[in-house]
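Enquirer: Sequence:
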Amino acid sequence: MTDAYYLVSDLHIGGDEQLRHVDFREELIGFLRELERGDEDAELLINGDAFGLWEFTEVDGPAKLDALVADYPDLFAQLRATGERIPITLIPGNHDYELAAHDEYVERLAEYNVTLDQSVSITRDLGDSVVHVEHGMQEDPNNRIPDFGNPYANPPGYFVNRQITSRAGRLSDRGKYNWLRDIQAVTPMTQIPDWLVSNYFYREMSAWLRFVVLPFLLLFNAALWYVGVVALDATGIWSLPMTLVQDALALFGPVGYLVDIVLAANLVLVGLLAAVAVPLYVFFRDVRKTLRRFGLVREGDGEDPVEKYLDRAREVFRTDPAVAVYVYGHTHRPSTTAMDGRLVINTGTWLKRLHRVDPPVGLLPPVYYSSYRLNYFRLTAADDGGVRVDYEVIDKPDPDDETLLQRLLTRPPDPEEPIPETTVVDPPGPPDARVSEPAEE
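In my numbering, the protein residues as written are 5 to 445.
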């Protein structure tokens, strides 16, 4: 029986033009090299989305693997070398769903000592327990494969990637900062419009236009208060607030006069927005109602996305009582969650991760801070027949590619909740069994 299982997912390697760039190429090859040099009886499980096959639009079918090998010869050489010592098993995700639909991939990947299992999920025995592994796209309505294995059964996410993500890869180098190639790091997909607006404003907009517009946006919240002050004064209800505002601005001379002009301009803007707000609300409400009728918008879209995967884990635990650990990826958010004596693992991603921060004042686009978390999980049998889960992160400095203006307008995001370095899951037993406390090193 295998002594250790290493789990990674969501590498998203490959795609059109700028999507070919892999920020973690050296780290991934180094990780594979360490597994090659080790002496334990181990297996590497790649939990879906190893490749960005959806993001290729200039080649079709298994020819995409030829493109991958041509772009990353050193990576495939290392896969072959590592696979000579330990088994490497790959299951399809949504972005590389074609792996499940074309049997040619099985033979081609075997040439590099990679075993392609075309199933939705796989299991592995560990001690007295079972580990259940799947990518997780089947719990995502936008990426669920309706007829798994059918090459034509593509979900809505496929068409989004073909039309948006791939095109972003082809256009990215035309930007001032080559930022469009990071579109794969934007999760969920509903954040893409805000991310595009953010990068346009902070990176692509003409500098002179940005700094002309900036005062209006910064003072927009103040302008809302100013509307109330003007209304009180104009109706004769209370003129003192207007007097105080005018006196305060007068203290700053020309600067105060300029602020007064900006507030007056914002006052006009607020009036225009108020005039169109009601008809726009009625219009968008009717549009949403129509989309809901066609099934394109669901009532539950606002629910916590994690709950869908936890519900799936509960289903797996109920169906197979021997399963002690449920593993999924897809959402790019690494985590461990204890559940009724079992453990749920999200394997995260090696892509750049984006963290949204909204400026505290004004009507400004959000800022997306970027970071790396090149993580993997190592699962071994515990002494009592349970499962020991070790969490490891490969060091890689954060990109620090935020502009000076972005840093001035926001503060860095709060640190993410840490994942325990070690967690021990008791073997399947009575319902009152619980996940043990993190083991002491």
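Keep in mind that the hints were calculated from the coordinates and are not lab data. Please note: incorrect hints may appear among the correct ones.
Claimed, not checked - Okay, the calculated beta carbon distance ranges per label pair:
| id | residue 1 | residue 2 | range |
| --- | --- | --- | --- |
| 1 | L262 | K180 | 39 to 45 angstroms |
| 2 | V217 | D315 | 43 to 49 angstroms |
| 3 | E421 | W212 | 37 to 43 angstroms |
| 4 | D121 | A226 | 44 to 50 angstroms |
| 5 | E421 | D387 | 26 to 32 angstroms |
| 6 | L236 | S375 | 42 to 48 angstroms |
| 7 | Q195 | D7 | 19 to 25 angstroms |
| 8 | F163 | L262 | 47 to 53 angstroms |
| 9 | D387 | G42 | 48 to 54 angstroms |
| 10 | F215 | Q250 | 34 to 40 angstroms |
| 11 | F163 | Q195 | 39 to 45 angstroms |
Even for Gly, the Cβ is constructed at its ideal location relative to N, Cα and C.
Enquirer: For every hint, state whether the structure bears it out.
Expert: How the hints compare with the structure:
1. L262 <-> K180: 39 to 45 angstroms: violated, 29 angstroms
2. V217 <-> D315: 43 to 49 angstroms: Holds, since V217 and D315 (Cβ atoms, about 45 angstroms apart) stay within the stated range.
3. E421 <-> W212: 37 to 43 angstroms: holds, 42 angstroms
4. D121 <-> A226: 44 to 50 angstroms: violated, 59 angstroms
5. E421 <-> D387: 26 to 32 angstroms: This hint holds: roughly 28 angstroms between Cβ atoms.
6. L236 <-> S375: 42 to 48 angstroms: holds, 47 angstroms
7. Q195 <-> D7: 19 to 25 angstroms: violated, 40 angstroms
8. F163 <-> L262: 47 to 53 angstroms: With a Cβ separation near 49 angstroms, F163 and L262 satisfy 47 to 53 angstroms, so the hint holds.
9. D387 <-> G42: 48 to 54 angstroms: violated, 21 angstroms
10. F215 <-> Q250: 34 to 40 angstroms: 27 angstroms Cβ-Cβ, so the 34 to 40 angstroms window is violated.
11. F163 <-> Q195: 39 to 45 angstroms: violated, 18 angstroms
Going through the hint list in order, the structure does not satisfy hints 1, 4, 7, 9, 10, 11.
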